[in-house]
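Colleague: Listed below are the residues making up each chain.
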Amino acid sequence: MGLTCESCGRGVLKKKFNLKCGEEYVIALAGNPNVGKSTVFNELTGLRQHTGNWPGKTVVNARGNYDYKNMKFLLMDLPGTYSLLANSVEEQVARDFICFGKPHATVVVVDATCLERNLNLVLQVMELTDNVVVCVNLIDEAERKGIFIDIRELESELGVPVVATVARDGKGLEELKRRIFNVAVGIQTPSSRKMKYSERVEEAIREIEPKIDKLLKGKLDARWVALRLIDGDKTIVDAIHEHVYYEKAIEIDGRR
Amino acid sequence: MLLSDIKKGMKVKVVSLKSTGLSRRRMMDLGLIPDAEIEVIRKSPLGDPTAYGIKGAQIALRIEEASQIEVEKVERKERE
Amino acid sequence: MNNDNVKELEDLVELSEAVQSMHEDGLRDNIVKDIYETAEYITKKVVTKKSQRKADIHKKVDDILTSRILGYPIMILLLGIVFWLTITGANYPSQMLASFFFWFETKLTSLFMYMGSPEWLHGILVLGIYRTLAWVISVMLPPMAIFFPLFTLLEDLGYLPRVAFNLDKLFKAAGAHGKQSLTMSMGFGCNAAGVIACRIIESPRERLIATITNNFVPCNGRFPTLIALSTIFVGGLVTSRYSTLAATSFVTLLVIFGIIITLVVSWILSKTILKGVPSSFTLELPPYRKPRIGRILYTSLIDRTIFVLGRAIVVAAPAGLVIWILANVMIGDMSILNHLAALLDPLARTIGLDGFILMAFVIGLPANEIVVPIMIMSYMSKGTMLELESLAQMKELFIANGWTFVTALNVMLFSLLHFPCGTTLWTIRKETGSFKWTLLSALLPTAIALAVCFIVAQGARLLGLV
Numbered sequence: 001m002g003l004t005c006e007s008c009g010r011g012v013l014k015k016k017f018n019l020k021c022g023e024e025y026v027i028a029l030a031g032n033p034n035v036g037k038s039t040v041f042n043e044l045t046g047l048r049q050h051t052g053n054w055p056g057k058t059v060v061n062a063r064g065n066y067d068y069k070n071m072k073f074l075l076m077d078l079p080g081t082y083s084l085l086a087n088s089v090e091e092q093v094a095r096d097f098i099c100f101g102k103p104h105a106t107v108v109v110v111d112a113t114c115l116e117r118n119l120n121l122v123l124q125v126m127e128l129t130d131n132v133v134v135c136v137n138l139i140d141e142a143e144r145k146g147i148f149i150d151i152r153e154l155e156s157e158l159g160v161p162v163v164a165t166v167a168r169d170g171k172g173l174e175e176l177k178r179r180i181f182n183v184a185v186g187i188q189t190p191s192s193r194k195m196k197y198s199e200r201v202e203e204a205i206r207e208i209e210p211k212i213d214k215l216l217k218g219k220l221d222a223r224w225v226a227l228r229l230i231d232g233d234k235t236i237v238d239a240i241h242e243h244v245y246y247e248k249a250i251e252i253d254g255r256r
Numbered sequence: 001m002l003l004s005d006i007k008k009g010m011k012v013k014v015v016s017l018k019s020t021g022l023s024r025r026r027m028m029d030l031g032l033i034p035d036a037e038i039e040v041i042r043k044s045p046l047g048d049p050t051a052y053g054i055k056g057a058q059i060a061l062r063i064e065e066a067s068q069i070e071v072e073k074v075e076r077k078e079r080e
Numbered sequence: 001m002n003n004d005n006v007k008e009l010e011d012l013v014e015l016s017e018a019v020q021s022m023h024e025d026g027l028r029d030n031i032v033k034d035i036y037e038t039a040e041y042i043t044k045k046v047v048t049k050k051s052q053r054k055a056d057i058h059k060k061v062d063d064i065l066t067s068r069i070l071g072y073p074i075m076i077l078l079l080g081i082v083f084w085l086t087i088t089g090a091n092y093p094s095q096m097l098a099s100f101f102f103w104f105e106t107k108l109t110s111l112f113m114y115m116g117s118p119e120w121l122h123g124i125l126v127l128g129i130y131r132t133l134a135w136v137i138s139v140m141l142p143p144m145a146i147f148f149p150l151f152t153l154l155e156d157l158g159y160l161p162r163v164a165f166n167l168d169k170l171f172k173a174a175g176a177h178g179k180q181s182l183t184m185s186m187g188f189g190c191n192a193a194g195v196i197a198c199r200i201i202e203s204p205r206e207r208l209i210a211t212i213t214n215n216f217v218p219c220n221g222r223f224p225t226l227i228a229l230s231t232i233f234v235g236g237l238v239t240s241r242y243s244t245l246a247a248t249s250f251v252t253l254l255v256i257f258g259i260i261i262t263l264v265v266s267w268i269l270s271k272t273i274l275k276g277v278p279s280s281f282t283l284e285l286p287p288y289r290k291p292r293i294g295r296i297l298y299t300s301l302i303d304r305t306i307f308v309l310g311r312a313i314v315v316a317a318p319a320g321l322v323i324w325i326l327a328n329v330m331i332g333d334m335s336i337l338n339h340l341a342a343l344l345d346p347l348a349r350t351i352g353l354d355g356f357i358l359m360a361f362v363i364g365l366p367a368n369e370i371v372v373p374i375m376i377m378s379y380m381s382k383g384t385m386l387e388l389e390s391l392a393q394m395k396e397l398f399i400a401n402g403w404t405f406v407t408a409l410n411v412m413l414f415s416l417l418h419f420p421c422g423t424t425l426w427t428i429r430k431e432t433g434s435f436k437w438t439l440l441s442a443l444l445p446t447a448i449a450l451a452v453c454f455i456v457a458q459g460a461r462l463l464g465l466v
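Protein chains in written order, with my numbering: chain L, 1 to 256; chain D, 1 to 80; chain B, 1 to 466.
Please keep in mind that the hints were generated in silico from the structure rather than gathered at the bench.
Every residue gets a Cβ at the ideal spot worked out from N, C-alpha and C, and that includes glycine.
Just so you know, not all the hints are guaranteed correct.
Said to hold, decoys possible - Pair by pair, the computed Cβ-Cβ distance ranges are:
| hint | chain 1 | residue 1 | chain 2 | residue 2 | range |
| --- | --- | --- | --- | --- | --- |
| 1 | L | R48 | B | T48 | 34 to 44 Å |
| 2 | L | G46 | B | L343 | 51 to 61 Å |
| 3 | L | R152 | B | N91 | 50 to 60 Å |
Work out the full structure, taking the sequences as your base and the hints as a guide.
Modeller: Pasting the structure below:
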């Protein structure tokens, strides 16, 4: 079930982010800026939160705790970003946490009033992990604007749990906690929709994916790394070096 | 036509981005990709920056950024 | 993963670059476009739009708040209203707190006498530490408890991005970043918080400009000084009915002056040691949101008020101790405090202050909120702060020590412009990681404060106002 650091490679998390992860489920909270992400964070964790900095980065990091069904959850509030393509320090922080931190589940908060631009981020997160829960927030504001979202349809399109919320009024948050629980514990294993790119991109992926796979030996999703390299992302090599290498060091430590 | 030349209240469509590198990526992340619709919503009191409606959000760009975006007309928006 | 593997990975980067260059307009654009197209496809499937019945009250509000004619006046008016509510509302609770603390002090003194403790112990603990703390809390807590929630309300409503939108062109002209106005807003609460907020500016050049100039926005440690002095010396110029209004307007003017100085200094920096073109700027203007009162009170009172007050107390307690010692240890026939003041007096006089005032600013380095208490303490022959239950008594004390309207004006200007407090400097050191920039952040404002006060003082002298 992956309750300890060692069993699921969360040693990185523990070391890099100073988390005590014994009996806790680690949940990442992602989302565009101005979608009410911090409201969701505050409503879930209440007063049990504290802030600090991301290691080595001048980006604020907030984390908080909540309990559900006698289980402890640690919620990491990632910086609000439009994408995960590492165009800024915030995006790098968010990407690295989801990618190398391997949280038990990642919640992406989206704004119901402009779903399309928010799905951009959801699709990118789903390239990194299957364990995604989408929280469609501000659903009341959207309805006032005459925008209605078919939540069930969205769920089947994305292949991950989708919950409608009005975080400010606390609406839908119980359901959100339930779905997070299901994904984190492993009751539900989402099969998230994978991006299919245009042929030129797919061709390029096919060219380098096997080589990457040989190199990383399944530690990271080779297709995703291939995409980042094609994307011209220079930070990914450093990040892999730092995090994957670091994790190795911890394993050796553990054996001693 | 450049986005910076478009009058308030007009709707246009992105043709291409002239910027490169990081700023190009940022623009694209905001939803400024070819064929995306943009509405010129308002200008700031001093005439710059300008707020644009891009995929449901209101985003302000300075003239320097807006002039990097090649656009074409879609329709004239009727004003109330 | 060993170093050979890293090498291999680097080879892969080269490979991917080769792949990229094969496709002329770059695969990267394709990737982003594909993702957006998928998002659009899904959106079309799941979203239905009904009757756009123009629930766009947001647009109407924006039309007013960012209007060419009304945009700026409304900004200034809102700033004024916040100050007015703070000044008016803080008055009464401040006095209540003060009388409570001084009542408690007499009890403390009796207790010390009862236990037969030595005079110096009572002096240090009660007259030094306790009194400074009592002053800091009674003067700072009420304005903060009003100012922070009001400010958080504006923040929560979504007004601040509009301020950045309105002001951006000025900042661009100054070679600075549009988000600098947001970091300045934070500075109203606490400059250290403002400096930390500069992280939202990505370009290092513009972040430094914002960091160095943040101090020109008066923080909550300085507001009480500005408010008290304007109430006494500006409010006193008109009939009592209009005195609050006059004081408010004057504080607002001072703040606007601080903003102008910010822009000028930013411009000078961006033309000299921090040369460069403004980096790209995008700002989202989110829809206005219904404020959450509970959350506002919580963030503003717990996170901000208590935090800033706590910091002030931590600094004020040892400062009270030091001041008491300086004022009570005699060298020859004068206390150390008097010696220092005499030393600073000639310089202070040329900029329209006096030795005690300038020294108060110097000793007040750890926290701006103790500057006025030090001045008061210095003027008292006994060497401790006297019980001052009303501003009128404070005015009498100042005038008895040679203050004029010009002195008060110079004190306010010096307070607005001088070096940042110790906490802020420490924060700048931490954020920039550079001693050099920290030093500049202290010297530059000080030089400006000296220059401005010099001009005002000498100007007043020439015009025969003093």
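Colleague: Hint by hint, note whether the structure agrees.
Modeller: To see whether the hints hold, each was checked on the structure:
no., hint, result
1, L:R48 with B:T48: 34 to 44 Å, "39 Å, holds"
2, L:G46 with B:L343: 51 to 61 Å, "55 Å, holds"
3, L:R152 with B:N91: 50 to 60 Å, "58 Å, holds"
Violation of the numbered hints given earlier is absent; every hint is satisfied by the structure.
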